[in-house]
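Q: Each chain, letter by letter, is given below.
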Amino acid sequence: MVMHLLSIDDLTRADIEKLFQLSDGFLEVAARPIKKVPTLRGRTVINLFLEPSTRTQSSFELAAKRLSADVINIKGTTSSVVKGESLKDTILTLESYRPDIIVMRHPQVGASRLATRYTKAAIVNAGDGTGEHPTQCLLDLYTIQRTFGHTEGLKIGMVGDILRSRVARSDLFGFRKMGMDVRLVAPPTLVPPGIEEWGVPIYHDLEALEEVDIIYLLRMQLERAKGRVPPVPSLREYSRRWGLSPAKVKPGQRVMHPGPINRGVELSGDLADDDRSLILHQVESGLAIRMAILLWCLAGALGEESEA
Amino acid sequence: MDLLSRPFGPRLACRALPLERFLLPDVRLFDPGERLDLVGDLLIGDGKILALGPEISRSENVEVLSDLAGCWVFPGLVDPHVHLRTPGFEYKEDLESGTAAAAAGGYVAVIAMANTEPAVDCGPVASWVLDQAGRRAQVRVGQVGAVSKGRLGQELAELWDLVQAGVTAFADDGSPIADADLLLHALRYARGTGRPLLLHLENKSLATDGVMREGKWSARLGLRGIPAVCESGPLARDLELIRYAFAEESRQASQAAESGGRRTAGKGAGSSQSGPVPFVHFQHLSVARSVQLLRQAKEEGLAVTGEVTPHHLLLTDEALCSFDPSLKVNPPLGSEGDREALLGGLADGTIDCIGSDHAPHAPHEKEVPIEEAAWGSTGLETAFAALFSRLVLPGRLSLGRLVEAMSSGPCGVFGLPAPRLAVGAPADFFVFDPEEEWQVTETSLRGKSRNCAFLGAELTGRVRMTVVAGSRRFVRARGEV
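Chains as they are written, first to last, in the numbering used here: chain A, 121 to 428; chain B, 815 to 1295.
No lab work stands behind these hints: they were computed from the structure.
Using N, Cα and C, we set each Cβ at its ideal position, and we do this for glycine too.
Incorrect hints may have been included.
To spell it out: a stretch of chain A is covered by chain B in this simulated footprint if at least three of its residues, at any positions, have a beta carbon under 8 Å from a beta carbon of chain B; those stretches are [as the list claims (entries may be wrong)]: (1) 306–316; (2) 321–333; (3) 348–359.
With the hints as extra help, turn the sequences into a complete structure.
A: Dropping the structure here:
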């Protein structure tokens, strides 16, 4: 039996700790001259990316290759989707290849859950519109675990375009699952209405970051504003009021960002290069944790086969 | 500049004049806010009220203004709603002429709307106007910043940049915010600025090319009518949006308070106001139904305020029989029932303040058939005298309520300190001769434009002197035109 990873809610705290352990091993593999293990030899992983991506797609591709799986990449701009094929038909077509895992990014919320109906493969949600991005949450948690040695009790402030961020939606609930204290800081127009009913404190001023251990910045997702009232009047005013610069980061605080970063908008260029920034550590953790996730998805199936 | 520091306060600018030292002998000193009503002297110096009361020692070297003996002294008037037409329409009015008119009407401060060319929709334009006012204005000028870029009702203007430039409030006045989503964005984005949002209520798709209030008189005259629901409809919608936005804000604030009690919860740093910020102010209410809706909202405790103009308190649609283009105002003059309801709302505090909506236009924009004429009437120079003559003297409104609604009332809307007759307070007041009878004529008006709805009116009581920041900005001898 395969396991889907569609939402961060699919994982328990114990699952996440197990993934950390697996990732520790894969980090060690990544330090070797030969960075490949035979774990998923003969398995097929399809990367179906119907929305632009650099780091997630490359991270999954490399993760699958290092596990010795066969990988194919399908991108939105070159796929039959542009010819008007429905998601159902795309998945049914891919299902004919009998893949083991489909890693899927899609511009619409819930698309990965829909895909599970048409395939026996494990679906890994690599971002569905403004819905969730559970593997980002896991790599963020793993980065925090590696940096601080624990997650319990840490205070984190997530800043910026929370409204349209699938990262924020996965992170908020994942961070809390791991015992972290999460607060949101954003212009009121970028706070998802109703989020306060999940018991999360909301602030509108960077002052609220004074006492946090980690500042997590989110990218301003202008591409999702088309045809609507823009939530902020200008990037200039946004960066002046809510942008982060080294002077606004206290000693000991760490800065994270899911990427891609917009230098000069949510953070100043010199902060991106500051050694308090964990941005590149996040990318490194991402590879290891995605290897762990691919293994986790198939762990049940692998176990059944070895018993048979 | 450190943007984490406290938001800037509103900036009110006028030209600095040498501080004067003088004494008003035997005047009636009347300030409802101070519960003051007595006959005595008033001593001014160093920009402040130095002494007041029945027995002030008169030293030799003080100028005594004995020709004002017997007059009444009130805290200076504040107009929450004027059009100074700067920048862009200086042929109608400019900072100098508009504030000269204000001083002649007893005003010590006016709040200028942003429907200029270019619109006051960004920090540099607001700063420029306030800098100009600092050189030219006779009375204090506060500037409103537009809610939307170009006042087009599509995208938010840089509200924080406007706050830094010192704007007093946000308004797209002259145009309604028709897009509900934009209004919601404005209600959210302005949180923490400490500035109120001023709303002009008008359903343009219903108003179309109407000229006057729809009713008995529009039917008789054949002028296209604008139904009352043009105003009350948007008001009802906006109140629902405000309820929604304020409830969300208080949920968020209480959530943040529970999780650590930071002061910044749901507000900007440094905001000491309790309740939702910004509060919302409804401009120039003109129909009975609006008064009812506002009263109901206030009874629920919603942080909203309302304004009415002198012409809506004193004139009705029947006056349009004259086809005088100065009576073509937006919102249009209502029925007698509307007028009564507005007066009732003002008297019981449902309506917080009186704004003149001083809207000057050049003769060529008004000397045309009424259907083509520009909208608006001037009002700064006639507001207090007209309301005093026609409401206070006949006993329809108390003097105390009138002074409140034109002085501390508007200050409350903007969170500004109110002018007061008290020792140590800034010398911002005016002197009124309650007995002088006069007629409003073109030559009696100081502003640049002559489109006054009260032209020809015979009034009792007239402003004799206005003092702003301790210097005389307007002085008129009794009987002088």
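Q: Now look at each hint and say whether the structure bears it out.
A: How the hints compare with the structure:
1. Under the rule that three or more residues need a Cβ within less than 8 Å of chain B, the assignment of the region 306–316 of chain A holds, with 6 such residues.
2. Taking a C-beta to C-beta cut-off of 8 Å, the region 321–333 of chain A contributes 8 residues in contact with chain B, enough for the three needed, and the coverage statement holds.
3. Closer than 8 Å: that is the beta-carbon criterion, and the region 348–359 of chain A has 9 residues meeting it against chain B, so the requirement of 3 holds.
The structure shown violates none of the earlier numbered hints.
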